[in-house]
Amino acid sequence: MPRYHETYPLLELLENIARESGQMVHVQSQEERDPVYLDPERPLPESLARPLRELGIERLYRHQAQAIDSIRSGKNTVVVTGTASGKSLCYNLPVLESIGEDPRARALYLFPTKALSQDQLKVLRRFLPEGRDLMPAGRAGRGGRTGRDGRGAGGSRGAGGRDAAVRGGAVPGLSFPGAEHIDFRAGTYDGDTPPELRTRLRDEANILLTNPDMLHAGVLPNHGRWAEFFSRLSYVVIDEIHVYRGIFGSHVSNVMRRLRRICRHHGADPIWICASATIANPGGLAEDLIGDEVNVVNEDGSPRGRKHFVFWNPPNYGPTGMERRSSNLEAKDLFVRLIKEGYQTIAFVKARLLAEVLLRYCQDDLRNAGGGLSSRIRAYRAGYLPEERRKIESALFDGDLLGVISTNALELGIDVGSLDAAIMVGYPGTIASTWQQAGRAGRRQSESVAILVGHNAPIDQYLMQNPDYFFQNNPESAVLDAGNPHILLNHLRCATHEIPVPVTEEEGYGDYAPAILDLLQDREFVRQVKGKWFNTENDYPAATFSLRNSGENEYTIVDTTESNKVIGTIDEPSAFTQVHPQAVYMHDAETYLVDDLDLSERVAYLHKADIDYYTQAISDIYLAASEPDLGRVWRDTSVSFGECSIHEKVTMFKKIKFGSRDSLGWGNIELPDIRLHTTALWFVPSAETLRKVLDQGRVPVDGLVGIANVLCEVIALHVMCDAHDLGTVVEMKNTGGPTVFVYDKYPGGLGYGRRAFHQLEPVLEAALRLIEGCPCLEGCPSCVGSPLPPSYGTDPDVFTKGRIPDKEAALVLLHAMFGHDDYVPRIPLEGIRAKRAELIAARRKDTKDDEVWDLEDGESSEGEGGDGKGGGSAKGGKVGHRGPSPRARGKAGASGGAGTAARTAARPAREPEDAPNRPPVRPLPEDLRAKLLGQIARLVESQPGPRRRRSFPTERVGG
Amino acid sequence: MRIPDVPDGPRVDLDAAAYLDEAPSAGDRPRLILGHPDADRSIRTAFPLATIDFPGGEYCRISHPLGVGASSDPELSQLPTSGLLFDLETLGFHGRPLFLIGILYPAVPPPASGPDAWRVVQLLARDYAEEEAILEAFADVAAEQTPWVSFNGKTFDLPFLRERARFHHLPLPEPREHLDLLHAARRVYKGVLPNCRLQTLESALFARYRYRDLPGDEIPAAYHDYVRTGEEEDMVRILRHNRDDLVTLARLHVHLGSA
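Protein sequences appear in the order of chains A and B.
Sequential numbering of the first sequence, starting at 1313, is according to this note's numbering.
Sequential numbering of the second sequence, starting at 15, is according to this note's numbering.
Derived from the structure by calculation, the hints contain no laboratory data.
It cannot be assumed that every hint is accurate.
Straight-line C-alpha distance at most 20 Å; calculated SDA-like pairs for lysine to any residue [claimed, not checked]:
no.: 1; chain 1: B; residue 1: K168; chain 2: B; residue 2: L212
no.: 2; chain 1: A; residue 1: K1842; chain 2: B; residue 2: L212
no.: 3; chain 1: A; residue 1: K1966; chain 2: A; residue 2: Q1894
no.: 4; chain 1: A; residue 1: K1842; chain 2: B; residue 2: E144
no.: 5; chain 1: A; residue 1: K1842; chain 2: B; residue 2: K168
no.: 6; chain 1: A; residue 1: K1877; chain 2: A; residue 2: P1893
no.: 7; chain 1: A; residue 1: K1842; chain 2: B; residue 2: A143
no.: 8; chain 1: A; residue 1: K1844; chain 2: B; residue 2: L212
no.: 9; chain 1: A; residue 1: K1844; chain 2: B; residue 2: K168
no.: 10; chain 1: A; residue 1: K1877; chain 2: A; residue 2: D1504
no.: 11; chain 1: A; residue 1: K1844; chain 2: B; residue 2: A143
Using the sequences and the accompanying hints, generate a full structural model.
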């Protein structure tokens, strides 16, 4: 395939396309950067230097050498450098070196996804000679070591010279057969690993690649079987740590604490190595995650070619000049053009459906162009089977594929090589993730370009007009809270199960850990005996909860065209919107018609059908709040905290014709709600406050939406979670007035709303300061126009109709709520929004105040209406609580010799006793205690069968 | 380290620990139903005598002679003079503590040779913290005995012991010889009996039945209750269950000719 880089440089090409309509609103160019090399203080052993040379690496970059020095000196280290800067060498080299020195050394690699583990396994393979297996079958297949029998003997056999040589450091010129490479075994250990390989990996692998979920549920609870592994564990590598933030991060940091205890128990004290994409606080996040000090290495020494970051705004059109050409079509044209010119391109879209539709459009265009280009582009997204994804990744890497249209599934560090161009269709939502996606483009030798195509949405348009906002702000911080009591409660159950926890160590888990243990003892989950906490549950505690807040249920997609064949998987919320009966499902640009969605078996059956339309599901989200647990009036705003459920109901689907995008009709969908039962904070401004907004001719709900968006960010900071862990809903069916709900996106809630309830004043103050202090006029991503959609889950396919937040109305509201002087809007409402406000004002004259709001509440809760109120039926509270059994005092010693009664073995009924060395227990606040008891009650309920089943058969005799 | 001696519990006729039921038909062996209140009583009597402290840990050791009936019992009377039969009670399949190690072995010095020399010793952790002590005590006794005899011990009991010993960083002696009677029983009775569970063999081969036996899957909960409340009732039932298993194991050992 000819490439035209030289004749038609990228930027010139883009300028040409934009000449007529002026879409190219901003270009930020990054000049070429030469590599900065550095040698480690001590040279690498030949056994590593040689495979590196074979890979074309003669010298290391500065950050790689610094990382190696830091790790060799025994420091925990986090490496933070750009995409494709060679981060994995930073940990692979020291780890392999240590295995060279001690063939029994073990290392644990953690990646957030199975795909990344696979990818890194491929990287490790390059350090073995051609034809050498990572997990050779049979113990005899290996020269240096013969598996289990070889333990203890270490490297004393055969290659004695090798070991000596490797220990001696660099050995130029030496070429013992064994010195050519480091002999090691490695493999991925996750849900896909067959059982027989699992045992071998456990016993033999030097490097075990897995994910936090598997470590939590599959390895740590069985650490007895892994004793050999843990006792020799010298490195723990955690890649992509920026993913571990918010709820997920809080869980994983607790898993790391459990891992650390288990290592200590088995006599190991590993060095922790982390790698992160660019975030504001990599060192802080790494320290929170591993619970120890970390040395930060961030001086990126890798070279970079010239790179341009282009902001691309689709042109205005239409009589009003308010409409813009679809950003999807704009992106399609760009993509097709780049491919035609021979530039390898990736386009990021925010929805899986969009990836498929866009692929189809691009293929149609390219087919007309001829040259077989249409077969050289693919879609890539969650739901494709792993094999298929691996194929696409390697085709992209090898250059067989020219283009990929992907969801953020390709944002994480899977190595697909560096591409010429990355197109982001719509702002990805955070600065960090935008840089991640843009980082997919970046040739070392030649130019590359990243293009952000703006949607016609407030945030995107703000960025298009204020590109500096993006380039001058730091990427977001990542925050986690290892001490969250709700999360801690579950991990304390696991920790006490894995190794009894001495009372003297309790406080290491956070201020509330001792009180939580007391609570768990009351409910018979743990028991303190002789100064240690023991777990007394029957089931594995780790099996009872998940580290991620996404649903567990996964559906299989079966193609019945010829014979039943699995073509993909899909999570439950997405299944309801994408493979409901009569949906058109698209996979690699093929269209399938869904025949049936079997909810009990979790299978979607579909067949190939040549269809000229696609379908888009429409869902309603509504919130039903229970009676509040806590309530108060703050100034004159009524504030509540309590349980609520968020219902997402997929109600109907639209048929949309390919090409013309005409609507071809509608269909109904009969599926159950997807429910999230959780806890929320909510508040209702007083009638007087609302009137002040109306008097300014603004719409209160638009102001509240703005406040709600800011609150996500502000509360996240106050309660130490990620903004994505919170959801907001603004509606009025539950309380009768316009209400802001902020809920925890986690079943049962994690106390974020409760803490915000207690800190409402500082939280709202921070919100006010943030909005007031923001230099923008009409709202921007930094203030009221937060890009977070108010939808359940983080599925990019779920779009809710966005209301445009009104910054000025938000300020009027907040001023009034605080009792400050009235805020007078600086800018009038414009266009449609002004019309709407007028309409409301007109209505208001004829109707009672209470009804005014209904007009504005048409968006999110029409369908089921507010009769879901009180839907929180689990609020009964008393469920499943078990008090301690009545203690009939044992008749200890009664039948024994009187003289020995004092030495009775069956001691009298024992009150739980605190060990004398137990530190004082800080009591739980009453409302937190109540919530934790509720969480425990739900645990009791969800466990199969009663925890204490006792039978006293009277007549059952014999077998 | 030697286990310090503790007083034995009263000598209980093994089959006095059983009701004599009517033989279902003439010629059959009489059906013996295990679980007579006398058995519980004898266990209970031994119980409070058995607390011992010794350097390295505290636990409870319950010791009984095999029983007066043993010398006239068709199987038990033929028990060899050496060996160690063992059976564990645990709180789960793995990753959980164990709390009771029942062993049956010839005491030294022998009061007499033959079945009277054998005694049932139950090493009991009265709470979770005593596990280490009973493992140590077991290691101490077991090191000198051979062969080890178990039921499904190759798959379950021995790996479990190893795992727990590793957990506590204790050395565990390996058996010089280990007879797993489940395998031997399967070779003979597979397809003959509905299954080869211990209690199936017990009733089919030795005509013994259990009354008020504590089913295995309820044992963990019963133990947790015992730790929590200190009520003997729960513990006595576990001890009896364990002892019945050991005695049947001994009979099976002779019956299958592995002795």
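**Request:** Would you pick out the hints that fail for this structure and give their numbers low to high?
**Result:** 2, 5, 8 and 9
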